[in-house]
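K.L.:
Each protein sequence line maps, in turn, to chains A, B, C and D. Using the UniProt record's numbering, you'd call the opening residue of the first sequence number 1 and step up by one each time. Using the UniProt record's numbering, you'd call the opening residue of the second sequence number 1 and step up by one each time. Using the UniProt record's numbering, you'd call the opening residue of the third sequence number 1 and step up by one each time. Using the UniProt record's numbering, you'd call the opening residue of the fourth sequence number 1 and step up by one each time.
If you're looking for bench data, these hints aren't it; they were derived computationally from the structure. As the structure is a computational prediction, the values presented were derived from the model and not from experiment. Just to be clear, a hint being listed does not mean it is correct.
[What the hints assert, rightly or not] According to the in silico footprint, chain D covers these stretches of chain A (three or more CB under 8 Å from chain D): (1) 247-255; (2) 362-369.
[Said to hold, decoys possible] Straight-line alpha carbon distances no greater than 25 Å define the calculated SDA-like cross-link-like pairs of lysine to any residue that follow: (3) Lys35/B with Ser25/B; (4) Lys321/B with Ser129/D; (5) Lys266/A with Ser195/D; (6) Lys181/D with Ser25/B; (7) Lys40/D with Pro115/D; (8) Lys239/D with Ser25/B; (9) Lys266/A with Pro131/C; (10) Lys35/B with Gly208/D; (11) Lys110/D with Ser195/D; (12) Lys182/D with Asp194/D; (13) Lys182/C with Gln259/A; (14) Lys321/A with Lys182/C; (15) Lys321/A with His37/C; (16) Lys110/C with Val62/C.
For every residue, glycine included, the Cβ atom is placed at its ideal position computed from N, Cα and C.
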Amino acid sequence: MNFDYDSEQNDLREAVRGLLARAYSDSEQRRTVTKTDPGFDEKTWSRLAEMGLLGLPFAEEDGGMGAGPIEVAIVAEEIGRVLAPEPFIETVVLAGGLIAAVGTAEQKGELIGAISEGTTIAVFAHAEPGTRWTATAEGVTATQAGDGWTLTGVKEPVPSGARADVLVVSAAIDGGTGLFLVQGDAAGLTRTGYRTHDGTWAANVRLEGTPAVALGSGDRTAAIERALAEARIAYGHEAIGAMDTALRTTAEYLKTRKQFGVTLNKFQALTFRAADMYVSLELARSTALWASMVADAGGDVVAAADRARLQTSRAGRHIGKEAIQLHGGIGVTAEYSVGHYTSRLTAIDHLLGDGDWAADRLAATVADHETVDPLGAPYSS
Amino acid sequence: MNFDYDSEQNDLREAVRGLLARAYSDSEQRRTVTKTDPGFDEKTWSRLAEMGLLGLPFAEEDGGMGAGPIEVAIVAEEIGRVLAPEPFIETVVLAGGLIAAVGTAEQKGELIGAISEGTTIAVFAHAEPGTRWTATAEGVTATQAGDGWTLTGVKEPVPSGARADVLVVSAAIDGGTGLFLVQGDAAGLTRTGYRTHDGTWAANVRLEGTPAVALGSGDRTAAIERALAEARIAYGHEAIGAMDTALRTTAEYLKTRKQFGVTLNKFQALTFRAADMYVSLELARSTALWASMVADAGGDVVAAADRARLQTSRAGRHIGKEAIQLHGGIGVTAEYSVGHYTSRLTAIDHLLGDGDWAADRLAATVADHETVDPLGAPYSS
Amino acid sequence: MRLQLSPELEAFREEMRTFFTTQVPQEIRDTVAAHRHPTKAQYVEAQQVLNAAGLAVPHWPVEWGGRDWTPLQRHIWREEMQLASVPEPLAFNASMIGPVIAAFGNQEQKERFLPKTANLDIWWCQGFSEPDAGSDLASLRTTAVRDGDDWVVNGQKTWTTLGQYADWIFCLVRTDPTAEKKQRGISMLVFPMDSPGVTLRPIELLDGGFEVNEVFFEDVRVPAENLIGEENRGWDYAKFLLGNERVGIARVGATKRLIAQAKEHAQAITSGGRPLAEDPRMAARIAELENELVALELTALRVVANSADGKPHPASSVLKLRGSELQQAATELVVDIAGPLSLASFAEDGSDVPDWARVATPSYLNYRKVSIYGGSNEVQRTIIAGSILGL
Amino acid sequence: MRLQLSPELEAFREEMRTFFTTQVPQEIRDTVAAHRHPTKAQYVEAQQVLNAAGLAVPHWPVEWGGRDWTPLQRHIWREEMQLASVPEPLAFNASMIGPVIAAFGNQEQKERFLPKTANLDIWWCQGFSEPDAGSDLASLRTTAVRDGDDWVVNGQKTWTTLGQYADWIFCLVRTDPTAEKKQRGISMLVFPMDSPGVTLRPIELLDGGFEVNEVFFEDVRVPAENLIGEENRGWDYAKFLLGNERVGIARVGATKRLIAQAKEHAQAITSGGRPLAEDPRMAARIAELENELVALELTALRVVANSADGKPHPASSVLKLRGSELQQAATELVVDIAGPLSLASFAEDGSDVPDWARVATPSYLNYRKVSIYGGSNEVQRTIIAGSILGL
């Protein structure tokens with residue numbers, strides 16, 4: 001049992017941090033990039049690919065780096081640290097993860113390599129206006145058409161849905177939810193992209209008899225549940241990076257900003273609140289690190305993801321609100337960095353299930369155990 | 001619409017405050033009184049009677065003063081201010097209230113006068129080990145025996161249950177819950193009294209074929225619900241008085257206690273928390289005052305009581321905890337006053353339904369209204 | 001103690017409710033209800049409808065359009081306005097500079113400004129805060145130097161709300177740098193925003209909107225007659241004005257409207273096969289928020305019912321503090337009801353996400369300001385601890 | 001990064017679990033599990049069982065009974081002890097004076113005190129806090145004046161936990177009133193509680209129990225050889241000692257036990273015709289608390305896993321702060337589950353209220369202390385803000 005990165009993992013972190021620090025050395029750079037479609041920097045995307053980050057979790061025979069959840073978490077945390085808008089989790093963890101999990105050898109050969117090289121951006125089109133954080137699809141239905149399929153319905157919001165070259169779409173089939181591949185230029189596909197409050201971009205994806213290829217076959221709800229859990233853990237690490245910067249920015253501001261002739265860190269009511277932010281951050285960090293270790297150890301990743309999500313949601317709201325309040329007016333402006341961290345933390349919180357949602361799922365299981373042992377079953381396989 | 005006491009009400013408040021200030025000028029006096037059965041001062045009880053307080057809400061023709069919920073609230077708040085242990089709400093609002101509401105002319109004539117004069121202490125034996133804040137009885141059942149009744153079962157905890165001369169007992173009957181009068185010396189009645197954490201006394205009341213007289217007849221669940229609501233409002237005012245003293249005691253302590261060479265009120269983190277205590281107190285005070293005005297106006301007293309209870313419960317926990325924490329070690333000792341206020345607030349909170357209980361009842365009604373108008377229906381009849 | 005409103009007040013409330021819901025253009029009220037920013041034209045039209053009916057500046061002296069109402073009447077007027085989603089009379093006109101001119105201006109200034117201020121023919125903005133003088137207003141640096149019949153103003157203001165719409169600005173400037181107490185030596189000047197040397201820079205906020213600005217002054221010449229009240233007394237006028245600012249800051253009516261909308265939305269959202277509104281924890285969360293709001297409204301009523309004698313009720317300082325917390329809790333509730341839909345914040349045509357869900361998070365982020373402006377919650381706690389608890 | 005314990009540590013944990021649940025008398029563990037205060041005899045018996053097995057003072061130097069365990073092993077040892085409701089070795093002996101004597105005492109003192117201290121043959125109590133020196137320990141007033149071969153001690157101590165059982169006291173006294181830095185001039189003396197001039201007054205707490213005391217010293221003569229370490233270095237020893245005090249202060253195992261009991265009780269209580277445990281809000285409340293505790297346990301593991309090199313992990317200061325909050329939240333949960341039954345706190349025979357419900361509120365009230373003693377949560381926030389955030 002230990003929480004230390006090994007030297008390769010430390011090297012990875014330093015490398016990613018360096019790359020992203022150059023790309024987003026201040027929040028103005030990010031603001032410029034996010035103002036226009038696709039909402040991220042294609043050049044930075046290529047650099048992530050060159051560094052091998054886009055193939056990190058995939059098997060080497062599929063064209064990946066054969067690394068694991070710990071390495072993915074390291075990248076996610078660094079992304080959160082500077083709010084890099086590149087769709088790393090959407091492409092690598094969600095879409096890529098599903099392709100790697102249920103795709104045929106042929107599909108993997110075709111897509112995993114292309115994703116790893118950065119030449120193909122794939123995203124998971126799953127959320128529907130009528131559903132709420134489920135692992136199943138209802139609004140989009142799949143119909144067999146000859147040896148292919150056609151999809152009809154609406155997916156929204158789909159992060160980076162307008163930019164994606166390939167969409168992994170969940171759709172209702174007989175006896176469950178299936179997964180399908182839809183090309184960006186497919187017939188009967190209408191994508192309307194828009195900017196979201198946190199500076200990323202999302203889309204309405206309308207499918208009208210759109211031709212699609214089955215990704216694997218049959219009901220894939222379990223695979224979706226697992227991929228969503230892995231993404232929740234990765235977003236949790238992105239949130240940790242964001243909270244870390246938000247807290248450091250706030251502490252720095254308290255040390256330098258003067259009111260009534262003294263710096264704000266002379267006001268104990270403010271410094272105590274910063275201390276409470278630190279407490280929230282460290283507790284969430286421990287839980288996020290643990291969740292990625294559970295995934296790495298092959299434990300119950302869905303349960304671990306719910307725990308990480310609950311803790312991160314509570315911490316993200318606490319830190320996001322306090323970071324602005326302790327700054328005062330400048331905190332609500334788009335010209336200063338800290339508010340964007342609050343905005344992104346709010347987005348992450350609502351992407352795949354918020355804290356109350358996770359608490360309700362955990363509440364359904366409290367009777368199943370006497371005490372929770374994070375080092376024991378079901379977390380450590 | 002106004003929140004001011006009229007001159008008579010102000011006089012009443014001053015008189016009660018004066019009487020109780022003499023009886024419990026410091027917390028040691030109260031500690032001595034509460035250490036031994038019956039846990040209150042019979043002399044003080046007589047003085048309350050002489051001042052007419054024990055007959056306050058009863059009709060003059062029944063031997064009461066013909067006053068209303070506002071006057072009862074004034075007395076309750078003064079009781080809370082010094083934590084007077086006398087069973088005013090138990091006897092006057094609950095037992096007396098039920099007798100006045102459903103008793104026959106004869107029963108009223110016999111008991112209301114005696115309660116008002118302080119010669120008879122009656123309490124409502126309603127809680128049962130197996131139930132949780134309901135208006136009905138299950139554990140105690142009533143059986144017709146000739147022209148009388150016998151009761152069998154257990155009531156606990158019953159505030160002042162061992163001292164009471166007369167018990168108003170709720171019991172399961174065909175088609176609901178009936179009310180019955182049981183004399184303190186009745187056959188088959190076993191009462192085991194004990195001290196409770198807040199310095200009051202309660203009892204286990206065991207009935208084994210105990211003879212009883214019906215108070216009114218038939219199902220009295222509605223009358224019980226109403227009496228419990230009136231008691232919740234009165235306890236709310238007792239809590240306001242207790243919170244007020246707890247906050248004033250804490251503020252005084254911060255002004256006088258020195259640490260690191262300065263008085264504690266130089267520490268902004270502490271004074272801000274005292275400010276938050278004030279906010280909780282004033283919001284709860286407004287709600288409690290309003291609830292007694294609703295009762296006075298003949299509005300929906302049950303709904304108003306739930307609102308007051310929720311607000312008072314949240315405020316009582318907040319203020320009770322902070323009062324101790326801002327004092328430090330001395331706050332958890334029985335030799336200093338403030339902890340007893342926390343203890344009593346905790347007792348009040350669990351007597352007739354806590355904040356979550358009230359919130360659940362209110363939650364069942366949120367869909368019934370678009371907005372809440374505290375001056376409109378159903379509160380202002 | 002009495003719960004009911006008197007028959008007269010009941011009638012008054014009914015009169016207000018009827019007027020606001022029938023006389024103010026629906027499309028303006030829809031904009032407010034949808035949490036979109038009204039246009040300048042909409043603000044002006046709404047205030048002029050109110051002013052024509054004598055409902056724009058009831059708290060002013062009668063001779064300038066006031067109604068001599070009791071604090072309770074003013075409370076009802078304001079709450080009904082918010083409940084009906086009517087844009088309130090522009091605070092800078094109705095609650096700030098108007099009352100200051102009425103109280104401290106000379107007769108000529110009153111005649112020149114008050115009617116146009118009440119009718120929003122002049123749109124005023126506020127020049128108080130500066131980059132290094134936020135909560136610590138008294139340390140402001142903008143200077144005004146007397147030169148002949150003019151004051152020459154140099155410096156910078158910030159957080160000037162809706163300055164982009166403003167015709168005139170009322171400004172705190174330092175006229176006596178030598179005064180040993182920095183509160184002294186401050187004066188209040190008013191001048192047109194199109195005066196030579198005035199430049200304005202809009203500041204984008206987190207919701208993508210522009211409602212505050214930086215204003216720069218470079219050798220702006222202001223005629224001496226534009227000094228309000230006495231020279232170097234500006235601090236007193238500012239305190240008087242900020243006192244008015246706290247009035248109605250509880251915003252109970254607006255939060256009631258927010259919660260009512262949230263309940264409607266929670267009925268429309270499906271979660272686990274049933275309306276989200278029927279989820280026990282969601283229902284309890286709404287019930288708790290409604291109850292907190294009842295407590296706040298009752299506290300506001302206590303304050304207004306008791307402040308007839310002029311001096312503010314001690315509990316009044318609670319209103320801004322808790323009022324802002326409940327506004328923020330209500331906007332957060334709406335975001336959580338929108339859930340995954342809240343991501344589609346800037347969606348336009350071609351989106352299947354309902355409009356309320358799109359504006360949810362921008363509103364939530366924008367409302368972080370309400371615990372900061374108009375005397376931050378930290379300032380309110382300082383007042384409570386100091387003035388009320390004597391700490 | 002690795003989740004699993006090594007096979008060796010798994011075996012170690014199993015060994016601890018087996019020992020604690022089979023070798024420590026059940027009736028002592030039942031007392032602890034029932035939140036009753038153990039008797040002196042029970043404390044002594046439990047510690048001597050542990051000491052006989054080398055499990056009382058594993059963190060001491062090996063020659064005095066230590067085991068040279070890693071921080072992670074010590075963590076597992078402590079957590080398993082709490083999970084099994086075993087009374088922990090008396091902190092004043094095992095975590096405070098023992099390590100101080102081992103580190104700073106002379107050989108004679110070590111031989112004289114350490115074996116008896118480990119075996120609880122000597123029951124130690126702490127003489128640090130004074131009526132006017134709580135969190136501000138350095139301003140203590142109790143004096144020790146040298147007189148021949150003795151020190152003569154005068155003054156008063158307070159919050160002396162379980163002093164009524166104590167054989168000896170370790171005491172901070174001022175030996176150099178002239179030292180300009182008040183931290184200097186303090187020394188540590190040890191002496192028997194039955195020394196002439198020592199009187200003890202028990203302080204009743206809110207739960208009706210007596211666990212703290214005032215101790216008065218009137219011309220108490222203490223032989224010079226009872227000075228621990230060097231004269232006027234007492235402050236350093238106190239800091240060293242209070243550092244140890246923070247170890248294991250998260251009390252995760254104890255809180256786990258509390259929550260497990262709470263869940264059991266919630267199954268037994270009927271509310272609205274079903275077990276209270278099935279109420280959605282109660283279940284969610286328990287789930288949130290369990291999750292907070294998981295986060296705390298993982299943070300504690302992070303700290304111990306990384307503090308092998310000696311210097312404490314920055315996050316360690318979180319443990320006391322959140323650990324006390326979660327202990328308090330768990331006791332509050334039990335009170336709310338007991339509901340109306342929680343009133344019957346001091347019921348005895350003839351009550352139908354289960355024992356756990358009777359002790360619920362007294363425990364809740366008593367646990368208010370855990371955020372006050374051993375460095376109040378305010379002190380912890382000061383440490384975090386200062387040492388970690390540099391504020």
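K.L.:
All the hints need checking, so say for each whether the structure fits it.
P.N.:
Now the hints, each set against the structure:
no. : hint                   : result
1   : 247-255                : holds (count 4)
2   : 362-369                : holds (count 6)
3   : Lys35/B with Ser25/B   : holds (17 Å)
4   : Lys321/B with Ser129/D : holds (23 Å)
5   : Lys266/A with Ser195/D : violated (47 Å)
6   : Lys181/D with Ser25/B  : violated (43 Å)
7   : Lys40/D with Pro115/D  : holds (19 Å)
8   : Lys239/D with Ser25/B  : violated (43 Å)
9   : Lys266/A with Pro131/C : holds (20 Å)
10  : Lys35/B with Gly208/D  : holds (11 Å)
11  : Lys110/D with Ser195/D : holds (21 Å)
12  : Lys182/D with Asp194/D : violated (30 Å)
13  : Lys182/C with Gln259/A : holds (14 Å)
14  : Lys321/A with Lys182/C : violated (33 Å)
15  : Lys321/A with His37/C  : holds (23 Å)
16  : Lys110/C with Val62/C  : holds (13 Å)
Hint compliance for this structure: hints 5, 6, 8, 12 and 14 are not met, and every other hint is.
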